[in-house]
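> Mind docking chain D on chain Z? Use the hints.
The listed protein sequences derive, respectively, from chains Z and D.
The first sequence begins at 481 in our numbering and counts up by one.
The second sequence begins at 3 in our numbering and counts up by one.
Mixed in with the good hints there might be a few duds.
Ranges between beta-carbon positions, derived for each pair [said to hold, decoys possible]: (1) Z/L486 to D/S139: 39 to 49 Å; (2) Z/T551 to D/R24: 52 to 62 Å; (3) Z/L675 to D/A20: 26 to 36 Å; (4) Z/T551 to D/P116: 44 to 54 Å; (5) Z/G589 to D/R122: 34 to 44 Å; (6) D/F114 to Z/I576: 27 to 37 Å; (7) D/F114 to Z/R841: 50 to 60 Å; (8) D/F114 to Z/P610: 34 to 44 Å; (9) Z/V837 to D/G147: 33 to 43 Å; (10) Z/S779 to D/G147: 37 to 47 Å.
Just so you know, these hints were derived from the structure itself, not from any lab.
On a predicted model such as this, the values are computed, not experimentally measured, just so you know.
Positions of the beta carbon are idealized from the N, C-alpha and C atoms, including for glycine.
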Amino acid sequence: MTDPLLRVLLLQDYNTRIVLLGTMLFGACGGVVGTFMLLRKKALVGDVASHAALPGVALAYLVLEVLAPGTGKSPPWLLAGAGLGAASGLLCAKLIQRVRLIKEDAALGIVLSIFFGFGVVLLTIVQRLPTGSAGLNEFVFGKAAALTVGDVVSIAIASGLVLAVCFALFKEFSLLCFDEAYAAALGWPVGRLDLLLTALVVAVTVIGMPSVGLLLVVAQLVIPPTAARFWTDRLGTMTLVSGLIGASSAAAGSLVSALVPRLAAGAVIVLAGTCAFAVSMVFGRQRGVLWHWLEQRDSERHIGQLDLLRACFESVEETQRRAVLTGESDLTATPIPRESLLTTRAWSSARLSRVLVAAMRDGVVRLDADNHYRLTHEGARRARLAARNHRLWELYLIHFADLAPSRVDRAADQIEHVLEPELIEQLENLLEQDTLRMTVPVSPHP
Amino acid sequence: MTDDNQPSPLSIHDMTVAYQRRPVLWDVDYEAPSGKLVAIIGPNGAGKSTLIKAALGLVPRASGEIAFFGKPYHEMRSRIGYVPQRTSVDWDFPIDALGVVAMGLYRKIGWFQPVSRKYRQQALAALERVGLAEFASRQISQLSGGQQQRVFLARALVQNADLYLMDEPFAGVDAATERAIVELLRELRSAGKTALVVHHDLQTVAEYFDEVLLLNMRRIASGPVEQVFTAENLRRTYGGKLALLDQVGHRMSGK
Numbered sequence: 481m482t483d484p485l486l487r488v489l490l491l492q493d494y495n496t497r498i499v500l501l502g503t504m505l506f507g508a509c510g511g512v513v514g515t516f517m518l519l520r521k522k523a524l525v526g527d528v529a530s531h532a533a534l535p536g537v538a539l540a541y542l543v544l545e546v547l548a549p550g551t552g553k554s555p556p557w558l559l560a561g562a563g564l565g566a567a568s569g570l571l572c573a574k575l576i577q578r579v580r581l582i583k584e585d586a587a588l589g590i591v592l593s594i595f596f597g598f599g600v601v602l603l604t605i606v607q608r609l610p611t612g613s614a615g616l617n618e619f620v621f622g623k624a625a626a627l628t629v630g631d632v633v634s635i636a637i638a639s640g641l642v643l644a645v646c647f648a649l650f651k652e653f654s655l656l657c658f659d660e661a662y663a664a665a666l667g668w669p670v671g672r673l674d675l676l677l678t679a680l681v682v683a684v685t686v687i688g689m690p691s692v693g694l695l696l697v698v699a700q701l702v703i704p705p706t707a708a709r710f711w712t713d714r715l716g717t718m719t720l721v722s723g724l725i726g727a728s729s730a731a732a733g734s735l736v737s738a739l740v741p742r743l744a745a746g747a748v749i750v751l752a753g754t755c756a757f758a759v760s761m762v763f764g765r766q767r768g769v770l771w772h773w774l775e776q777r778d779s780e781r782h783i784g785q786l787d788l789l790r791a792c793f794e795s796v797e798e799t800q801r802r803a804v805l806t807g808e809s810d811l812t813a814t815p816i817p818r819e820s821l822l823t824t825r826a827w828s829s830a831r832l833s834r835v836l837v838a839a840m841r842d843g844v845v846r847l848d849a850d851n852h853y854r855l856t857h858e859g860a861r862r863a864r865l866a867a868r869n870h871r872l873w874e875l876y877l878i879h880f881a882d883l884a885p886s887r888v889d890r891a892a893d894q895i896e897h898v899l900e901p902e903l904i905e906q907l908e909n910l911l912e913q914d915t916l917r918m919t920v921p922v923s924p925h926p
Numbered sequence: 003m004t005d006d007n008q009p010s011p012l013s014i015h016d017m018t019v020a021y022q023r024r025p026v027l028w029d030v031d032y033e034a035p036s037g038k039l040v041a042i043i044g045p046n047g048a049g050k051s052t053l054i055k056a057a058l059g060l061v062p063r064a065s066g067e068i069a070f071f072g073k074p075y076h077e078m079r080s081r082i083g084y085v086p087q088r089t090s091v092d093w094d095f096p097i098d099a100l101g102v103v104a105m106g107l108y109r110k111i112g113w114f115q116p117v118s119r120k121y122r123q124q125a126l127a128a129l130e131r132v133g134l135a136e137f138a139s140r141q142i143s144q145l146s147g148g149q150q151q152r153v154f155l156a157r158a159l160v161q162n163a164d165l166y167l168m169d170e171p172f173a174g175v176d177a178a179t180e181r182a183i184v185e186l187l188r189e190l191r192s193a194g195k196t197a198l199v200v201h202h203d204l205q206t207v208a209e210y211f212d213e214v215l216l217l218n219m220r221r222i223a224s225g226p227v228e229q230v231f232t233a234e235n236l237r238r239t240y241g242g243k244l245a246l247l248d249q250v251g252h253r254m255s256g257k
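The following block holds chain D by itself, in its conformation from the complex:
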């Protein structure tokens, strides 16, 4: 999938993650393709978020190796942008949208230094890219759910990373935000960047993404949408639980 001379943005080898003795991810092997939009798909509790968190070292791994662009994470931090779930923070925190976005630049700014005007302007430019420039000085609880999600995206964008890991950016957002995020993902792709996105809506997978990673504790299948996103694979992932599966299957086979 990737060029021989260019290492994969994210390669996971034999990764197992367990809470106590209950495995959440089991022997996962995965090589992310470069310059593609990848949907990570699977039922609730399949370990989708855990995959991202374990790759970033936020959750301890029981075993396995992770490489970003062929190197360990701590050497490649500046090339990776992380978008956590929106519900992971307290939106009543006394900070405005611009302040949150500027957090993406803290590493670049460095220890002890305040956020100077130069960096504030970069943060503002990132907010503009997600269409929220006019909300820059608004306290974050006064933004809608979709706008909050876009603030999180802007915080990752401002890092100017090469690989983006996004945890359910489409969860509970309005139609306008969904369109804005899709547009942004396409922009990233045309700039040669890669995005791994935890996604829930099977209906939109084929429209929004180039590749899928089907996950249910193990890697069920991965690859280009048209080859891998099949009714058969979905049934293996979801265990035939979803009535939706057949519809999606029909649509895919019709193409």
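For reference, chain Z alone in the conformation it holds in the complex:
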């Protein structure tokens, strides 16, 4: 029972449970609201909101101290100041963008640095005060362990509101994010919806400030939705996954910081989120880099083998001095010299060896006792098909250039999978003419 690890993991401390609940609610809110902001390509808005909150907090503290010395560390007022600061920062960014030549990224960058700089100046003034700035640092860097029951109750109420708005307006927000002009044409009040979404960002900033601190709030708005995108192609699922990643990284961060004294929860929460992001980016089922890479490699192998088979086929055609695409010919009997493959494909010797080894493993090419490569029966069938596909595609490109580009898919196993039967019939007629031309002895001299 005295083992601290066990105590934390079993949530035996009342305080740990409180902190956990508070940070998880914030994490979920950040993940959900962040999804919309990310898809609206406005992920940086959260960054501006949190940096602009700093002068708000400092100013609120100073005002309170002036009005009644010693009352500066009153969290509700400081949070109200934070909210006001964030909101006025975003308002400024919007106004600056009205000026032509100032684009959104520049406007956000300008506001962020000006507000934050102003905040730092105010903070130094606060530090000179006899009362010091002990309470303020918690807002900058966060101190999850200091959350009280009262804090968590207000966090829960605010988070509940934020999540409820997102749930109720899910359809409206998704339309806003996907196609704002169309939404406006349909008569949706895009301006007000946008304002509401921005208000939600400010709310998340304020909710997260006591636990992770204003500098790291933005991470909870950006990292979970980016990670979630790798797992799904559906907005609903993405929002849910993002909320879960946000909540669970918040949970992991709070638990670790409860175990290790003096470790800031905010930083650990962000690191936990980063781990989730890294894992998602590599292994995410829909868009993960690993799956993409595997698919790419498979497709390269597939195309490599098709190219090899076609080269074998052409080599046989060359040695037999006739078109073997239609008529009878023993594709499996003719030896295929390695050199001819090298010249037709312009592959490096090493590359050819790799492709040949793979082809032998797949049973389409065999190396006979006479040290010559030959096609197997299966290989001959596939080689004939590959050559036919290739020639049909080439004819298609030549004769139907106007409609071709969007439809050519050389890796498709059969041209029939892509083109209509009538078109293929036309192409086959053309191919037959070509083949007839080839069957005529090409040149009397070798």
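Then chain D, alone, in the frame of chain Z:
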């Protein structure tokens, strides 16, 4: 052009649109005919897309009046279907084809309500009309350009509007999609609907459309293709820039 008792689907009166002080559209007057397919034609930067956007209130007008079926736009929204340019959205968005089409029904569904099965079926029916029913649950970036365009068309179709405003639906689509769109336009016309289509390919104007609106900052000419789509008018629109003009002129005069 229109019946006296039936107001024009879209009448534009004296409309001027300017970005800063540079006018994009200048004193445009236009009455769209009812139940016709109209091509909006003009060189790049002539204000074709802006005409549509300004009519819909997406771009502020400097002056001028717009009426849809004789009434202001906000009263007639449900009767107007808008098909924006395909390149105006991010096709990596996590949504499937059916989801995009269902957006056309959001107004009907109303605030706060989720998309119920009834509406999903309507969306599916619209996808079927553009020949994409089998792609309903495909993420939209995995559709070809032509298929994406057809998804946008389906989103407007599902609104069951009476006037369709389409911004370059033929841009960068394959032959199959082009045929599908033309067929769809004809279907709309036989159902008594009107479509205003920003179009680029002068060669196909006479084949696909009943009327043209020639635009280059000002309205150059408008009316039935056989009367208005002449070499002379095209030269006034394009300023004799296109070698194509003469060919088209020959073809038209040959008819």
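> Checking each numbered hint in turn, tell me which of them this model violates, lowest number first.
8, 10
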